[in-house]
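S.K.: As a plain string of letters, each chain reads:
2 protein chains.
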Amino acid sequence: MSQITRPRPISGFPEWLPEIRMIEQQWLESLRATFESWGFAPIETPAVETLDTLLAKGETDKEIYALRRLQADAEDASDAKLALHYDLTVPLARYVAQHFNDLVFPFKRYQMQKVWRGERPQEGRFREFLQCDIDVIGVDSLPIAFDAELPLIVAEGLARLGVTDLRLHVSNRKILSGFACGLGVADPIPAIRILDKLDKIGAEGVRAALTGALGVAADQAERLLALGTISSADTGFVAQVEALGVRDDALSQGLEELATVMQRLTALPHGQALADLSIARGFDYYTGTVYEARLPAYPGFGSVVSGGRYDDLASGYINKSLPGVGISIGLSRLFAKLVAEGRITAGPKCPTQVLVVVPNDDRVAVARETADGLRRRGLAVELFHAASKLKRQLAYAERKGIPYVWFPPFEDGADHEVKDMTSGAQGPADPATWQPPAATTP
Amino acid sequence: MSQITRPRPISGFPEWLPEIRMIEQQWLESLRATFESWGFAPIETPAVETLDTLLAKGETDKEIYALRRLQADAEDASDAKLALHYDLTVPLARYVAQHFNDLVFPFKRYQMQKVWRGERPQEGRFREFLQCDIDVIGVDSLPIAFDAELPLIVAEGLARLGVTDLRLHVSNRKILSGFACGLGVADPIPAIRILDKLDKIGAEGVRAALTGALGVAADQAERLLALGTISSADTGFVAQVEALGVRDDALSQGLEELATVMQRLTALPHGQALADLSIARGFDYYTGTVYEARLPAYPGFGSVVSGGRYDDLASGYINKSLPGVGISIGLSRLFAKLVAEGRITAGPKCPTQVLVVVPNDDRVAVARETADGLRRRGLAVELFHAASKLKRQLAYAERKGIPYVWFPPFEDGADHEVKDMTSGAQGPADPATWQPPAATTP
Numbered sequence: 018m019s020q021i022t023r024p025r026p027i028s029g030f031p032e033w034l035p036e037i038r039m040i041e042q043q044w045l046e047s048l049r050a051t052f053e054s055w056g057f058a059p060i061e062t063p064a065v066e067t068l069d070t071l072l073a074k075g076e077t078d079k080e081i082y083a084l085r086r087l088q089a090d091a092e093d094a095s096d097a098k099l100a101l102h103y104d105l106t107v108p109l110a111r112y113v114a115q116h117f118n119d120l121v122f123p124f125k126r127y128q129m130q131k132v133w134r135g136e137r138p139q140e141g142r143f144r145e146f147l148q149c150d151i152d153v154i155g156v157d158s159l160p161i162a163f164d165a166e167l168p169l170i171v172a173e174g175l176a177r178l179g180v181t182d183l184r185l186h187v188s189n190r191k192i193l194s195g196f197a198c199g200l201g202v203a204d205p206i207p208a209i210r211i212l213d214k215l216d217k218i219g220a221e222g223v224r225a226a227l228t229g230a231l232g233v234a235a236d237q238a239e240r241l242l243a244l245g246t247i248s249s250a251d252t253g254f255v256a257q258v259e260a261l262g263v264r265d266d267a268l269s270q271g272l273e274e275l276a277t278v279m280q281r282l283t284a285l286p287h288g289q290a291l292a293d294l295s296i297a298r299g300f301d302y303y304t305g306t307v308y309e310a311r312l313p314a315y316p317g318f319g320s321v322v323s324g325g326r327y328d329d330l331a332s333g334y335i336n337k338s339l340p341g342v343g344i345s346i347g348l349s350r351l352f353a354k355l356v357a358e359g360r361i362t363a364g365p366k367c368p369t370q371v372l373v374v375v376p377n378d379d380r381v382a383v384a385r386e387t388a389d390g391l392r393r394r395g396l397a398v399e400l401f402h403a404a405s406k407l408k409r410q411l412a413y414a415e416r417k418g419i420p421y422v423w424f425p426p427f428e429d430g431a432d433h434e435v436k437d438m439t440s441g442a443q444g445p446a447d448p449a450t451w452q453p454p455a456a457t458t459p
Numbered sequence: 018m019s020q021i022t023r024p025r026p027i028s029g030f031p032e033w034l035p036e037i038r039m040i041e042q043q044w045l046e047s048l049r050a051t052f053e054s055w056g057f058a059p060i061e062t063p064a065v066e067t068l069d070t071l072l073a074k075g076e077t078d079k080e081i082y083a084l085r086r087l088q089a090d091a092e093d094a095s096d097a098k099l100a101l102h103y104d105l106t107v108p109l110a111r112y113v114a115q116h117f118n119d120l121v122f123p124f125k126r127y128q129m130q131k132v133w134r135g136e137r138p139q140e141g142r143f144r145e146f147l148q149c150d151i152d153v154i155g156v157d158s159l160p161i162a163f164d165a166e167l168p169l170i171v172a173e174g175l176a177r178l179g180v181t182d183l184r185l186h187v188s189n190r191k192i193l194s195g196f197a198c199g200l201g202v203a204d205p206i207p208a209i210r211i212l213d214k215l216d217k218i219g220a221e222g223v224r225a226a227l228t229g230a231l232g233v234a235a236d237q238a239e240r241l242l243a244l245g246t247i248s249s250a251d252t253g254f255v256a257q258v259e260a261l262g263v264r265d266d267a268l269s270q271g272l273e274e275l276a277t278v279m280q281r282l283t284a285l286p287h288g289q290a291l292a293d294l295s296i297a298r299g300f301d302y303y304t305g306t307v308y309e310a311r312l313p314a315y316p317g318f319g320s321v322v323s324g325g326r327y328d329d330l331a332s333g334y335i336n337k338s339l340p341g342v343g344i345s346i347g348l349s350r351l352f353a354k355l356v357a358e359g360r361i362t363a364g365p366k367c368p369t370q371v372l373v374v375v376p377n378d379d380r381v382a383v384a385r386e387t388a389d390g391l392r393r394r395g396l397a398v399e400l401f402h403a404a405s406k407l408k409r410q411l412a413y414a415e416r417k418g419i420p421y422v423w424f425p426p427f428e429d430g431a432d433h434e435v436k437d438m439t440s441g442a443q444g445p446a447d448p449a450t451w452q453p454p455a456a457t458t459p
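Going down the list, the sequences are from chains A and B. For the first sequence, this note's numbering gives the first residue as 18, with consecutive numbering after it. For the second sequence, this note's numbering gives the first residue as 18, with consecutive numbering after it.
Heads up, some of the hints might be wrong.
Claimed, not checked - Heads up, simulated DSSO-like pairs for lysine-lysine below, C-alpha to C-alpha not over 27 Å straight-line:
no.	chain 1	residue 1	chain 2	residue 2
1	A	214	A	354
2	B	337	A	408
3	B	337	A	406
4	A	337	B	406
5	A	337	B	408
Unchecked claim - A few chain B residues facing chain A, derived, Cβ under 8 Å:
no.	residue
6	22
7	55
8	334
Said to hold, decoys possible - Pair ranges (Cβ atoms, derived):
no.	chain 1	residue 1	chain 2	residue 2	range
9	B	445	A	286	31 to 37 Å
10	B	315	A	288	57 to 63 Å
11	A	378	B	157	19 to 25 Å
12	B	181	A	434	32 to 38 Å
It is worth saying that the hints were derived from the structure and are not from the lab. For each residue, glycine too, the CB sits at the ideal point set by N, CA and C.
Between the sequences and the hints, there should be enough to build the whole structure, so can you do that?
M.R.: Right, dumping it as structure tokens:
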């Protein structure tokens with residue numbers, strides 16, 4: 018006998034048993050329904066982009082998985098270098114530029130796909146994971162109304178799935194950079210990036226980083242820190258920022274935009290959305306609104322939703338300004354956490370509603386006809402695969418979590434019967450009209 | 018201004034405009050519903066397997082895309098080598114072995130995922146493509162009933178999508194190898210592989226290949242060719258094979274199995290399923306039933322469905338025999354062909370049923386309330402993003418293919434009105450009760 022090696026999971030590449038995957042699948046369908054109810058259209062881009070496309074934005078090269086044909090020959094050297102996408106925003110920018118003439122703007126799309134990052138795996142951080150993104154792209158301009166609409170859609174979609182404890186943190190980069198400029202900070206971008214870490218490194222850490230290598234003056238650092246600690250569940254943040262006495266045009270515009278967004282987010286339960294000026298988001302391409310959402314129940318867990326506005330993502334591809342705003346649910350991350358916390362629990366191991374048993378070899382045709390008839394009426398039905406002891410057939414239904422077992426007539430003229438596997442009740446049933454109680458309808 | 022480079026498609030990696038992707042999405046949902054109605058449970062495996070797993074079976078290494086972290090460091094050398102899966106059967110074998118104790122057998126799963134092959138792209142052959150697979154795995158044994166059920170499920174699933182012109186070719190490897198053994202051919206596997214090319218290289222080509230390098234005697238080659246040309250829409254093939262006068266146990270068993278399968282496939286319209294003894298399928302792991310389905314309307318196009326029975330796919334992983342049978346729809350291939358042939362045509366560019374217009378800045382709140390109300394009633398609704406000329410708002414609906422435009426009251430007390438964009442008819446409507454005609458309900 019050859020050597021037996023039970024395969025082991027590959028770290029960072031999660032997969033589920035069917036009973037959990039069925040729930041993940043229902044989640045995706047539910048999110049899809051929410052996104053479509055707001056008029057978003059689906060697209061799917063290849064898993065692969067050229068390396069040039071992926072490296073055109075930001076500083077993420079070290080996380081990228083490049084592809085190589087295992088038996089590459091000399092010819093291949095001329096092929097474009099390909100790599101797996103690490104988010105769905107960069108592919109969207111490429112898609113919009115490539116298909117520009119075939120799209121109608123504002124272009125609203127959703128996209129639910131795997132992305133890959135070659136990071137060291139740790140809790141809640143995978144190398145392959147599902148993202149669910151919605152974005153709106155305009156030509157030349159894009160009303161701020163969309164910045165307010167996207168978090169509402171995500172909150173609604175997740176609330177439908179029972180995730181009502183999401184807290185949305187919203188800010189606007191113009192506030193941060195305008196404030197830094199107004200203060201006279203020489204290089205605002207690195208300063209903002211440091212401020213974004215307030216959560217992780219604390220006020221002392223931020224202070225040290227700002228006044229250290231970056232050379233920000235101590236009083237400037239204090240005012241930046243004061244800005245970074247402002248938050249409000251309504252538009253109260255505006256007065257708080259103004260009280261810090263910094264004047265700048267971008268700052269004013271950012272405050273106005275964020276106030277508009279917060280005004281609209283009052284449609285959510287009070288406190289679910291927070292204007293939080295410590296939020297900046299790592300990716301460089303955001304230029305206005307930025308979002309981040311967390312589950313306060315799991316303080317160290319980090320964000321499960323993120324996004325923001327970008328004004329020039331298609332630059333370099335197309336001679337137009339294509340501003341956009343997008344938000345992304347880190348679905349694998351969120352879903353895996355809720356499974357780990359016991360908030361998502363496995364149901365049955367298959368979608369089958371009814372198992373039709375095969376009493377004996379003579380009754381195979383009758384049993385099959387019964388199963389086919391129930392299936393034609395829209396039920397999910399399995400015919401047991403062989404005439405065998407009823408006990409064995411019932412055990413199969415039991416172990417797979419199939420809620421009903423159907424007994425076709427054991428002899429001509431006898432009744433059909435159906436057994437409710439939960440209650441154990443069994444009685445006559447008409448295959449032409451029988452319906453399971455609503456709760457088990459898929 | 019920086020250089021402008023409109024991105025170009027990557028050859029072999031197809032992507033669709035939203036109006037086609039929406040249809041592909043409906044196809045996937047419809048197939049999912051069919052698979053679940055027969056009791057198949059969904060699984061999804063990572064895009065990635067270890068290279069060892071992928072190379073354990075068959076002779077496909079040259080088509081594999083391996084992964085490499087772009088900024089790999091010395092540490093990585095110890096990582097398992099990873100590569101993209103090239104089908105869904107090898108990952109299934111690994112999955113079943115890995116999760117053996119958590120699965121209930123016979124394990125019935127469906128899986129609809131992208132797979133990748135580093136082949137030269139050509140018509141109908143992609144480097145990234147969607148496969149929809151259903152498989153059943155048993156422990157120690159698996160009734161032949163499943164071999165008959167799988168093609169029925171696929172034919173039903175595709176017929177629901179309007180693909181009623183699929184022709185199923187079914188054979189059994191035991192017939193081919195048993196016949197070759199019974200004939201006294203020394204090495205039956207290569208002989209079968211040559212016979213499988215009858216379609217492509219013709220009788221003369223097969224004859225030459227068999228008697229050439231393989232050294233099969235001329236009369237043996239003639240009888241193999243005679244076998245390879247046998248086909249019947251029913252169980253008639255049995256008598257035709259027996260008339261060739263070769264006796265072998267495996268041959269007899271193969272004939273019996275194929276007869277059982279063909280008997281069950283009489284449930285399909287006559288002629289849709291064909292016992293066709295020229296079919297062998299390239300992959301080495303098939304051991305019994307083999308399937309292939311084509312669209313006779315496109316003779317040179319090749320197969321769009323394939324599969325078969327394998328008796329030992331999990332060998333090497335687990336100390337048990339896990340026989341299985343599976344069938345796979347080459348969805349990207351089939352779908353792209355039907356789009357190219359004009360059998361699938363684009364509908365609207367978005368799922369939106371109703372566009373609510375914004376008459377002017379004073380009526381934004383009323384318009385939003387109307388849109389939210391319609392959406393809560395289950396309709397897919399967009400609110401136009403800005404108060405602007407009605408002509409512009411109507412043009413947006415027109416270009417996106419949105420079937421209804423809703424006019425909220427332009428002043429307090431006035432009526433709501435709805436315009437049917439197809440007929441042009443416009444009249445009063447109640448937002449609390451209005452429904453679009455059934456045809457546009459998603």
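S.K.: Each hint needs a verdict: does it hold in this structure or not?
M.R.: Evaluated hints:
{"no.": "1", "hint": "A:214 to A:354", "verdict": "holds (23 Å)"}
{"no.": "2", "hint": "B:337 to A:408", "verdict": "holds (24 Å)"}
{"no.": "3", "hint": "B:337 to A:406", "verdict": "holds (23 Å)"}
{"no.": "4", "hint": "A:337 to B:406", "verdict": "holds (24 Å)"}
{"no.": "5", "hint": "A:337 to B:408", "verdict": "holds (24 Å)"}
{"no.": "6", "hint": "22", "verdict": "holds (7 Å)"}
{"no.": "7", "hint": "55", "verdict": "holds (7 Å)"}
{"no.": "8", "hint": "334", "verdict": "holds (6 Å)"}
{"no.": "9", "hint": "B:445 to A:286: 31 to 37 Å", "verdict": "holds (35 Å)"}
{"no.": "10", "hint": "B:315 to A:288: 57 to 63 Å", "verdict": "holds (60 Å)"}
{"no.": "11", "hint": "A:378 to B:157: 19 to 25 Å", "verdict": "holds (20 Å)"}
{"no.": "12", "hint": "B:181 to A:434: 32 to 38 Å", "verdict": "holds (36 Å)"}
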